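If you count the sequence shown from 1, position 102 lands on 102 in the numbering used here, and the numbers rise without skipping.
A couple of the hints might just be wrong.
To be verified - Now the in silico label distances, taken between C-beta atoms and shown as ranges:
| no. | residue 1 | residue 2 | range |
| --- | --- | --- | --- |
| 1 | Leu429 | Ile400 | 26 to 32 angstroms |
| 2 | Thr270 | Ser324 | 36 to 42 angstroms |
| 3 | Ser324 | Thr204 | 22 to 28 angstroms |
| 4 | Ala301 | Asn278 | 23 to 29 angstroms |
| 5 | Glu339 | Glu431 | 36 to 42 angstroms |
| 6 | Pro158 | Ile108 | 18 to 24 angstroms |
It should be emphasised that the hints constitute simulated quantities derived from the structure, not laboratory data.
Keep in mind the model is a prediction, meaning the values are calculated, not measured.
Each residue gets a CB set at the ideal place from its N, CA and C atoms; glycine is no exception.
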Amino acid sequence: PVICLSDEATISYTGTASPAASFTWGFDGGAIVSGSGAGPYQIHWDSPGNYTINLQVEENGCSSALATQTVQVDDTLSTPAIQCEATYTSVSFSWNDIPNASAYQVEILDGPPGTMDGPAGYLIEGLQPGQQVSIGLTALSDNACPAVATTAICAALPCPDVSLAIQPPAGQCFDGTPFTISLQADIQNDTGNGSLSWSGAGITDPASGNWTVDAGQAGQPNLVIATWTEDVCSVSDSVFLNVYANPTADFSATPIICVEGQATILYNGTATPAANYNWDFDGADVISGSGAGPFQLQWPAAGAYTISLQVEENGCSSVLSTRSVQVDPVLQAPIVECEPGFGTVLFSWSPVSNASGYQVDGPGAMLTDTSYQVNGLLPGEEAGITVTALSANACPAVSIPASCNALLCPDATVSMTATPAICAGEEALLEITFFGDGGPYNMTLL
1 PVICLSDEAT ISYTGTASPA ASFTWGFDGG AIVSGSGAGP YQIHWDSPGN
51 YTINLQVEEN GCSSALATQT VQVDDTLSTP AIQCEATYTS VSFSWNDIPN
101 ASAYQVEILD GPPGTMDGPA GYLIEGLQPG QQVSIGLTAL SDNACPAVAT
151 TAICAALPCP DVSLAIQPPA GQCFDGTPFT ISLQADIQND TGNGSLSWSG
201 AGITDPASGN WTVDAGQAGQ PNLVIATWTE DVCSVSDSVF LNVYANPTAD
251 FSATPIICVE GQATILYNGT ATPAANYNWD FDGADVISGS GAGPFQLQWP
301 AAGAYTISLQ VEENGCSSVL STRSVQVDPV LQAPIVECEP GFGTVLFSWS
351 PVSNASGYQV DGPGAMLTDT SYQVNGLLPG EEAGITVTAL SANACPAVSI
401 PASCNALLCP DATVSMTATP AICAGEEALL EITFFGDGGP YNMTLL
């Protein structure tokens, strides 16, 4: 017969002797748990092996032949020692192949089903990081001893406690030419097995972290995402990166004004009213205007002036923009002189700076560009004119009146005495007496 080490062998006498006979048993080291005489006996052995039981019976002075019987004692199965190896998505159970086990059965106690991984292993896949599973393992016996069972609990690896923070750069100023900057991220508790990738506006190479700034990003939020990944574990951070188009400092200015007038300055760039406007008006007085304007400017003296503007907004500066303003001087009124004559007056004046010509309102006529004559006047008659210097610049023409009198006739008297009667062929005596101022005079005898 065959028994398990944990069991007891039952020994029963099947011979012909009566209970009063003498029974000499040999149990080959087995311990008698119960029984005496003819038995039956319960025998236990402390170790596996093959044991021989013998018996000799004496009754009425007669002895039997020695009878023997072999008992096979099988060893018990040891409990398998289960080990566990885990990844982020799987758990692999394994155990030592124990003696006297014919096969192994796995029961899922908690978690999804898996598959046998060799004769002494079991694999469960498709887990979430940190997910716990438990199994029951039964080692089936190939001898007289019973199967043994045990349980094990294991969990997929939890994702590492990695934190990620993008170091956002300052807002970028864009002048129309694309450029690239390198983005940085601070990774805490990095395992060394993960990888960092980038995505979003301006990211052309996910691995490099280089951000290319171009025109399409100006004036709008640009989402950029950094993702640290190890297997199925990932952690991300995102920021909005700001791109500002450099403001322009375009403006218009009245190009030419009179020194008595005002220049109008109009900003027509791209900045908002909240920008910082750095104007330089080259010494002009600001009649009105502030910030982006418009402005009314006046300069104290004629000359060539340069207005400049630089605009700053969102930390971005424009290029310096300039405009020139020519401030023309006013025309001086002509200084008119006159030269009177008998029946005529001649007006003249010196050339006036910035005059393109002259216009005279009067009864006479221009002699030259700077002279004008009035004829046909009576002695002492006044001649009046208005001389206008026409402007060759932005200032208005200037006019001045002038008047002058023709000369009076001189205060002169003439008396004559003559021979009252003469004979033919004789000469007559004519005496002429003239009293008067001025001169010279012409005398005509009729």
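Quick rundown of the hints versus the structure:
Between Leu429 and Ile400 the beta carbon distance is about 59 angstroms. The supplied range of 26 to 32 angstroms is therefore violated. Between Thr270 and Ser324 the beta carbon distance is about 23 angstroms. The supplied range of 36 to 42 angstroms is therefore violated. A hinted range of 22 to 28 angstroms is violated for the C-beta pair Ser324 and Thr204, which are about 45 angstroms apart. Checked against the hint of 23 to 29 angstroms, the C-beta distance between Ala301 and Asn278 comes to roughly 24 angstroms, which is consistent with it.
In this structure the hint that Glu339 and Glu431 lie 36 to 42 angstroms apart at CB holds, the actual value being about 38 angstroms. At about 21 angstroms, the beta-carbon gap between Pro158 and Ile108 stays in the expected band of 18 to 24 angstroms.
Hint check: violations occur at hints 1, 2 and 3; the rest are consistent with the structure.
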